[in-house]
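Undergrad: The primary structure of each chain is shown beneath.
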Amino acid sequence: MAYVTAYSHIEALVIDDMRMQQTTLRGQLTMLGIVKVETTGSAEDALRMIESKRYDLILCDYNLNQKTDGQQLFEYARERQILGPDTLFFMITAENSYASVAAASEHMPDSYLLKPVTAGEIESRLKLQLDRREALLTIKQYLAKQDLPGALTACDAVLAKKDRWYMQALQLKGQIELDMGHIDVAKQVYNDALKLRPGLMWAQIGLARSFKAEGKYEEAKQLAQAIIGTPEGAKVLAAYDVLVQSLEAQEDPQAALDVLKESAQVVPSARRHRQVAESAYRNGDLETANASYALAIKSSQGSLTAQLQDQLALAQTLVEQNEPDLALNALKQTGTKNLRGPEFKALELAIASQAHTQLGMTKEAAEEADQALAAMSESKADFATVAVAKAALQSGKTEEGLKLLQDAVSADHENTRIKQLITKTLNETGNAELVDQVVGTATALLKTRVSDAKKMLRNEQIDEALKLIAVALEDYPENTAVLLEATQMNCMALRRNKRIDPANIELVRGYLTKLEKLLPANERVTQMRRYFRETLNLLKG
Amino acid sequence: MNNEMLALLVHDIKNQLGVLEAELSLLEAEPEQGRAHRAHQHCAQLRQRLIAYLLLYSGSENRMTAAASDESPSEFLNSLLNVSSRPDGAPLRVDSCLEAPPFWYFDPRLVRIAMEAGLHNAWRFARSDVVLSAKQSGDFLVLSIEDDGLGLGAKDPSAESSTGLGMELCAMVAKAHSTAAHEGRVELTPRPQGGTRFEMWLP
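Chains as they are written, first to last, in our numbering: chain A, 1 to 541; chain B, 1 to 203.
Hints listed in this document are in silico derivations from the structure and should not be mistaken for laboratory results. There may be inaccurate statements among the hints.
What the hints assert, rightly or not - Derived lysine to aspartate or glutamate pairs resembling EDC-like cross-links, with alpha carbons at most 20 Å apart:
1. A/195 with B/71
2. A/447 with A/474
3. A/380 with A/474
4. A/161 with B/183
5. A/161 with B/71
6. B/135 with B/183
7. A/363 with A/399
8. A/127 with B/75
9. A/419 with A/506
10. A/162 with B/71
11. A/195 with B/75
12. A/162 with B/183
13. A/161 with B/32
14. A/162 with B/139
15. B/135 with A/163
16. A/517 with A/464
17. A/447 with A/464
18. A/127 with B/70
Said to hold, decoys possible - Over 12 Å on every C-beta distance to chain B, these chain A residues come out as not near it, computed from the model:
19. 121
20. 133
21. 344
22. 460
C-beta: ideal position from N, C-alpha, C; glycine also.
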């Protein structure tokens, strides 16, 4: 029986592998007046449906009886931004222990319901979430427009009401202040929250992130460790992440690796194993890298979260462990995957070439190295570029190999991870004496280009300066240090010219968006975003 | 959970199932909507009891933990008006909650189960009124259930099916909400105007 209710406009999707359960849930939604209900039994179909249409409400069974469970499906959709920001996602589970699963996951669904589910329960959760959305709507709208000052004002308006949504607004406010680079205010917000509710998890995490954002890595580290030391915090991934980032910033990659290993025990997901493997590989801990890549492959086999890279990275690790046969075998395993791009082709050939060199099959090795070099479309500061360079160096194409490595440094010359990989490669190919030359020269060249541009800016040759840095960016579009400089120089130019130049402003916006993608949660990017905002305010004056 | 308690539990469930079985066999002989409805309700109540027992059972192995979130106490009490195990005609209302804080941290699932157990207790004694209310007292949120029954010490009209497990469950849930500074607790006191007042103190 359908009748018009406050929920009649809602379009819902039910994801459950049991036909009976689909029918029951559909019936319960109908009782609430929700008649636009679609159903599916498979995670893959669900993803396609979510991608092609915006649902208001998704009810998903946790145990989908397939390779992908409800939590993986949810995280996958959220991370790839397939899920609309307004879509409510409710997990349905028979497990009383799901609360701890959710608390320890990368993303939490909006709500979860314990089986057997009643229409009344769905309604009360739905009402709560819709009320919440309504109460925080203005804040979210400003955030969607990237208008952080507007969002702050909206937060303060909610806080002034001192109503049921006070803490939710406080949490948003802390994050916004942090994103704006107002670290002291953010800390005040988090401390206020902790006064209202001692031990509150999001406030403690926020405080640790604030310390990290102001470069107080030791404080960030200690707080994160303290959180992990409590029963409530032992499974909070965000605390592990702050700890890893702080340790990396303190240039202690080995300790960071150890913490990553712990976090992969808390949530043994493909993504966590992959992080451990990558860190172990950079640190030369091949045994751990091998084991963790194998775990990543195993835990994602046949699931949405499976990645071809894992298989290839495992093969590269095997080559370095002097196991050419196993490496070639691992390459064969990738045969059926359909997500092939040119960069994968180049990497595959590079690994095969290295394995054949080890087996003494120099002719094959040389051919594959040639093909790998030909398949490289552009050199990036990434794993594949370094692997192709290594194959080239090993099969005697020294010049090409060194050029690739130099390009990889230039592509992001302040990226310590890529420098770690390149140094490792040069050492392993008997070119240790070239480290300074390759890494140093490429770094110095870019630094010169940047400083030349800055000199021009100081000499009031503003247009020429901006042109020079733009050319550097054309050559190395993902070089984060150049992007940061280009942002700053364009802001300075805007300030000197004292007028709003839409083209320049658009350019800076583009740089910042790119930087936020390349360097998520990075304090320098946050500062630059702040500098840009202040610049705009000055011009609007 | 010790053996004695386990025996009590099984005994209780057996009694409840006996009642349900009798209802169903009557229905089988002579189908009738009203009786079917009552049987359905008894079934829902029994399920609610089982969930509570399960919680108690798992709680004895490792300490019961509360997943606290910020909740509105008055909205929470209002949601109890629609509990599925509420018997037909059982009195229930929520007072104005003027002294209730706008938000408080507690585990709505656990507290709901505890309050449901408290309500069933109140309904056994109440004559015509059961009132829910919330207020802040110092560092505690106090959720209360008042009934207009004969008060503490009165003869339980349905003593046979009662095992006192409800109160134990409530105490465990309150305790699971303890913080570093305060311990959660329950209190049962006589109401000045007659009847009983049950309170959950959540820090």
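Undergrad: Under the constraints set out in the numbered hints, which ones does this structure not fulfil?
TA: 4, 9, 11, 12, 13, 16 and 19
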